[in-house]
Amino acid sequence: MSLLEELYRETILSHYKSPKNFGPLADASVSIKGDNPSCGDQLELLLKLNGGRITEVRFQGHGCAISIASASMMTELVKNKTLDQALELTRQFKAMVVDGAEPAPELGDLKALAGVSKLHARTKCATLAWNTLEEAAKEAGTS
Amino acid sequence: MSLLEELYRETILSHYKSPKNFGPLADASVSIKGDNPSCGDQLELLLKLNGGRITEVRFQGHGCAISIASASMMTELVKNKTLDQALELTRQFKAMVVDGAEPAPELGDLKALAGVSKLHARTKCATLAWNTLEEAAKEAGTS
Amino acid sequence: MTSAYLIRADFPLFAARPELVYLDSTATSQKPRVVIEALEHYYREINANVHRGAYDLSVQATLAYEEARRKMARFLGADEREIIFVRNTTEALNLLVYAWGLRVLKAGDEILLTEMEHHANLVPWHLVAVHTGAKIKAIPVRGDGRLDLDSLDRLLTDRVRVVSLTHMSNVLGTVNPVAQIAKAAKEKGALVIVDGAQSAPHMPVDVTGLGADFFALSGHKMCGPTGAGVLWGRYEMLEKMQPFLGGGEMINEVYLERSSYAKPPQRFEAGTPAIAEAVALGVAAEYLMGIGMQNIWQHDRSLVDYALARLDEELPEVKTFGPRGPDRGGVIAFTLGGLHAHDVATALDQHGIAVRAGHHCAQPLHRKLGLAATARASFYLYTTRDEVDRFIEALKKVREFFKDWL
Amino acid sequence: MTSAYLIRADFPLFAARPELVYLDSTATSQKPRVVIEALEHYYREINANVHRGAYDLSVQATLAYEEARRKMARFLGADEREIIFVRNTTEALNLLVYAWGLRVLKAGDEILLTEMEHHANLVPWHLVAVHTGAKIKAIPVRGDGRLDLDSLDRLLTDRVRVVSLTHMSNVLGTVNPVAQIAKAAKEKGALVIVDGAQSAPHMPVDVTGLGADFFALSGHKMCGPTGAGVLWGRYEMLEKMQPFLGGGEMINEVYLERSSYAKPPQRFEAGTPAIAEAVALGVAAEYLMGIGMQNIWQHDRSLVDYALARLDEELPEVKTFGPRGPDRGGVIAFTLGGLHAHDVATALDQHGIAVRAGHHCAQPLHRKLGLAATARASFYLYTTRDEVDRFIEALKKVREFFKDWL
Ligand SMILES: Cc1ncc(COP(=O)(O)O)c(C=O)c1O
Ligand SMILES: Cc1ncc(COP(=O)(O)O)c(C=O)c1O
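As given, the protein sequences belong to chains Y, U, H and P, one line each in that order.
Our numbering numbers the first residue of the first sequence as 89 and each following residue consecutively.
Our numbering numbers the first residue of the second sequence as 89 and each following residue consecutively.
Our numbering numbers the first residue of the third sequence as 10 and each following residue consecutively.
Our numbering numbers the first residue of the fourth sequence as 10 and each following residue consecutively.
Because the hints were derived from the structure by calculation, they are not lab data.
Hints should not be assumed to be uniformly reliable.
To be verified - To give an idea of the chain P side of the interface with chain U (calculated C-beta under 10 Å), a few residues:
no., residue
1, TYR14
2, GLU322
3, LEU324
4, THR344
5, GLY347
6, LEU348
7, ASP413
Unchecked claim - To list a few chain P residues with every Cβ distance to chain Y over 10 Å, as calculated:
no., residue
8, ASP65
9, LYS115
10, ALA116
11, LYS144
12, ASP153
13, ARG168
14, ARG243
15, GLU262
16, ALA271
17, GLN275
18, SER311
19, ARG319
20, HIS360
21, ASP395
Unchecked claim - Here are the computed lysine-lysine pairs in the BS3-like style, where the Cα-Cα straight-line distance is at most 30 Å:
no., chain 1, residue 1, chain 2, residue 2
22, H, LYS272, U, LYS136
23, H, LYS377, P, LYS272
24, Y, LYS199, Y, LYS169
25, H, LYS197, H, LYS115
26, P, LYS328, P, LYS272
27, U, LYS206, U, LYS105
28, U, LYS108, P, LYS272
29, U, LYS121, H, LYS197
Where is the CB? At the ideal position from N, CA and C, for every residue including glycine.
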């Protein structure tokens with residue numbers, strides 16, 4: 089299987105074409121913008137928090153298949169998790185796409201992005217939503 | 089004869105140690121400063137003109153043996169010459185020290201500086217006074 | 010022109026990477042052997058600091074550096090005293106903004122740019138606008154990728170003090186009618202600055218004929234090393250200008266609290282320059298002149314016409330931007346269906362085709378096109394027709410691969 | 010340290026010029042083979058523009074460039090996000106003057122320098138003084154070539170907003186007690202900038218230990234290529250600072266009339282950097298770390314002590330400047346009788362000895378010494394004791410030659 093086939097699978101392309109949890113979120117507790125200035129991709133992450141738990145999460149913006157699919161799957165995964173759990177998932181996700189670690193079982197469908205670790209040019213795309221989540225957690229912690 | 093011996097002869101070193109026409113000149117018609125910013129050498133040329141003829145010429149400043157000797161001999165040579173004659177001598181002098189032309193007989197003692205053409209690093213020293221003379225002639229022409 | 014197939018042999022990178030189809034010369038060009046060897050030769054045999062030396066080695070370094078200045082003057086049809094070595098186009102434009110714009114412009118003055126400018130010709134002017142209150146305006150880009158010259162009369166008011174524009178767009182490939190615009194600008198008394206980052210490498214440039222006051226280029230885009238570029242300026246302008254960077258070599262006299270400045274070009278070259286890089290840039294210019302800038306332009310032109318014709322014909326899902334005709338250089342920004350440019354570029358890379366994806370440092374233009382990003386293929390003297398074919402065949406495979414998602 | 014006799018073999022220029030005694034490393038150093046080869050390798054195998062690439066070659070170029078940043082961080086004991094690639098020390102200091110000095114300083118503020126500064130650390134401040142009305146003061150140099158620290162209390166008023174000083178003088182060889190001065194300056198709330206052009210190449214530098222806010226160096230003086238240097242800055246300071254040059258890569262979002270900026274270090278690296286040069290500078294730093302900065306310092310120290318002892322003993326007509334002791338690096342500025350430094354340097358050059366003559370871009374210091382110019386011999390890791398001997402023997406011949414005119 090070519091790297092291209094490994095990466096651009098049904099899972100990813102369908103999240104790209106029909107992202108989950110996409111759109112505005114009224115009364116968000118935290119909203120944070122993230123971007124990759126080198127490519128112009130932009131994303132806004134909106135969270136509703138309740139006692140340290142993410143009760144609602146949505147995102148909006150534009151980007152490539154990898155960044156949008158990653159954001160879409162991330163929102164599905166972190167919904168109803170605590171911020172701490174979400175940060176642990178972030179760590180696991182980055183280990184997979186940056187360092188090429190075996191996908192942690194907790195990542196579920198996101199293992200479809202494991203191939204990104206072989207495409208250094210695209211790690212920034214895959215991690216954009218997650219870096220924004222980290223920023224959001226920081227913001228939530230200080231506010 | 090080494091290049092050093094060819095260049096640093098009695099003529100040059102004695103002009104360096106006891107430059108001719110050195111010092112201020114009251115009532116100068118033109119006074120122009122010249123410098124070699126790369127080495128810090130500075131020279132001021134003072135001329136008294138009468139109907140296009142250099143009736144008095146003096147200089148002051150500091151510099152290396154080559155620049156001071158060149159200035160000293162130049163003042164001796166151009167005194168009582170017309171500006172046009174002085175500019176022609178300048179051309180001949182530069183041909184000698186920059187392009188390595190045979191010394192024109194009109195240059196007299198200045199032929200002692202012919203060796204400078206083999207020392208590219210020092211042509212700026214040898215031509216400092218002459219460049220200043222050209223500036224002075226320009227100034228005299230426009231005023 | 011000598012065939013691109015032969016020219017390739019001058020570029021060691023293609024031998025090291027025989028499978029690569031390099032279509033990103035607009036970002037930076039590859040380097041011919043003579044340029045790499047010039048660097049090597051400089052460091053192995055004549056390396057010393059310039060200007061200040063009283064010994065032979067330093068004289069040789071200085072001669073090599075000043076010879077490079079003469080070569081760049083010849084390349085641009087200029088006088089050697091008008092050639093200032095800088096790092097790149099970006100530094101050249103910033104130099105003008107700091108040494109001229111920030112000092113001269115006032116609230117109410119207008120700065121006229123175009124909608125197709127590279128960030129290098131936008132961001133520095135923002136600084137001027139913020140600090141002086143001068144206003145930025147832009148000549149619009151028409152649907153066909155050319156400047157809307159009809160708007161020039163209206164835009165070129167008496168308040169316009171400077172017109173700064175790109176000679177050739179790094180996205181659309183458009184070659185702007187700089188001489189015509191410069192003439193109109195000069196009639197209004199405005200200064201004219203030309204961003205030559207894309208024109209200098211690809212076409213004959215005669216700065217005096219252009220009628221501009223300043224012209225900036227990047228060596229690394231014209232077969233030279235990174236780290237060296239040129240700002241050309243009319244000598245009368247340079248003489249009037251205050252320095253930009255302060256330091257060694259650009260001074261006349263320095264006291265603790267004040268200093269006086271050397272004449273141009275030294276006035277604008279503070280500190281130890283990129284000596285080896287300037288020397289090698291001179292060699293690059295000579296190499297290009299040897300092949301002939303007009304030949305290079307024709308070569309780029311024929312490849313871009315060929316590529317656009319095939320794309321139009323064989324890949325209707327591909328949308329390209331920029332004008333068609335003799336005022337179009339060898340750059341093709343494109344999209345493939347609704348795919349994101351990054352995904353297209355990654356897919357092409359898997360087939361050995363190197364194209365760039367993103368906004369190419371032209372966000373305002375992309376905003377105008379209604380896109381966040383495009384993919385971009387660009388050609389140069391070493392690009393072969395065969396490579397254009399491989400690019401198009403690869404693009405077809407990419408289309409096939411993504412066919413359900415276009 | 011590995012013997013300088015062996016180290017020389019790493020430097021191709023010495024093989025190309027076996028007769029040359031190169032004593033001008035303070036102006037620029039020679040380059041080891043690994044650095045020249047790093048440039049070659051970069052251009053032959055991985056040349057592409059950085060940051061923006063969606064293809065493999067560009068990723069490799071970016072990795073090499075960012076790896077160089079990490080190497081420079083290691084060299085200085087800093088964090089990689091604090092390393093900004095610039096052309097040289099001069100550009101680094103100008104960056105600070107433009108991005109910080111011109112924006113922050115006000116009339117009545119004071120800028121504290123020293124009398125031994127290089128023009129690179131004087132001329133940019135003159136610009137600030139002229140535009141803001143801030144005042145320049147200088148810590149005096151004592152007769153022994155050291156700073157007069159007794160004056161510090163008096164000079165370091167509450168109005169001093171910045172202390173900018175050289176770590177090591179390029180004329181006197183004096184190593185200034187920067188940590189001590191930085192501590193006093195910080196107590197007054199002043200910013201501390203260190204000109205490390207001469208220290209970084211010759212001694213271990215740990216920027217965090219120095220207690221300074223900024224540190225500037227030139228790659229070409231530390232075995233790297235021309236065209237690449239480093240500005241180190243504390244991250245908190247960099248984060249607060251506005252950009253200097255505007256253009257590609259330093260931005261976040263760009264509109265026609267405004268832009269927002271990227272985080273440091275990108276914020277301060279506009280346009281295409283000197284990529285190959287930065288990569289090769291990283292290799293140079295690694296080469297020096299391999300030999301050991303402390304070893305290099307000891308080597309310089311032992312040569313300068315040896316040379317000064319022989320000059321004192323055997324050439325009473327030679328006058329040297331600068332301190333004696335452990336705070337003295339391998340630089341000897343000198344005069345021979347009443348001869349002009351240029352004549353001495355020319356004469357030495359005829360014996361194959363390359364020394365510099367002039368004010369060495371330190372006119373105020375020379376004015377203080379009462380001289381327009383000095384000759385200067387300087388040593389580095391590849392300088393052998395044998396070369397110092399040849400220098401001294403040649404100087405004796407020069408004395409003999411000019412004996413009637415001293
Ligand atoms: C102490 C000092 N500062 C600054 C500089 C300027 O270095 P560069 O010319 O590489 O910018 C030098 C080098 O001449 C120097 O010795
Ligand atoms: C039109 C144009 N202007 C300016 C630049 C900036 O060039 P550099 O990054 O070499 O400064 C570029 C290159 O990207 C360009 O294409």
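Q | Reported absence of ASP65/P from the contact zone with chain Y (all CB gaps over 10 Å) | A | violated (7 Å)
Q) Taking only the CA atoms, is the gap from LYS272/H to LYS136/U under or equal to 30 Å? A) Answer holds: LYS272/H to LYS136/U is near 28 Å, not above 30 Å.
Q | Hint check: 10 Å Cβ-Cβ cutoff, GLY347/P to chain U | A | Holds: closest Cβ of chain U sits about 8 Å from GLY347/P, inside 10 Å.
Q. Against chain U, with CB atoms and a cut of 10 Å, does the hint on TYR14/P hold up?
A. Constraint on TYR14/P not satisfied, violated at 29 Å.
Q: Run the C-beta distances from ALA271/P to all of chain Y and say if the shortest one exceeds 10 Å.
A: Since the minimum Cβ distance to chain Y is about 5 Å, ALA271/P lies within 10 Å and the statement is violated.
Q: Evaluate the condition: distance from the CB of ARG319/P to the nearest CB of chain Y exceeds 10 Å.
A: Nearest chain Y Cβ is 56 Å from ARG319/P, so the label holds.
Q) Regarding the hint that ASP413/P lies at the interface with chain U, is the smallest CB-CB distance below 10 Å? A) Interface hint status for ASP413/P: holds (8 Å vs cutoff 10 Å).
Q: Against chain U, run the beta carbon of LEU324/P and see if the smallest gap drops under 10 Å.
A: violated (18 Å)
Q. Given THR344/P was flagged as interface, is its beta-carbon under 10 Å from a beta-carbon of chain U?
A. violated (12 Å)
Q. Does the claim that ARG243/P lies off the interface hold, with its Cβ farther than 10 Å from every Cβ of chain Y?
A. For ARG243/P, whose nearest Cβ neighbour in chain Y is about 21 Å away, the distance exceeds 10 Å, so it holds.
Q.
Hint check: LYS377/H vs LYS272/P, CA-CA at most 30 Å. Holds or violated?
A. Between LYS377/H and LYS272/P the Cα gap is close to 26 Å, so the pair holds against 30 Å.
Q: With a cut-off of 30 Å on the C-alpha distance, tell me whether LYS121/U and LYS197/H pass.
A: violated (39 Å)
In terms of the numbered hints stated before, the structure departs from hints 1, 2, 3, 4, 8, 15, 16, 17, 26, 28, 29, listed from lowest to highest.
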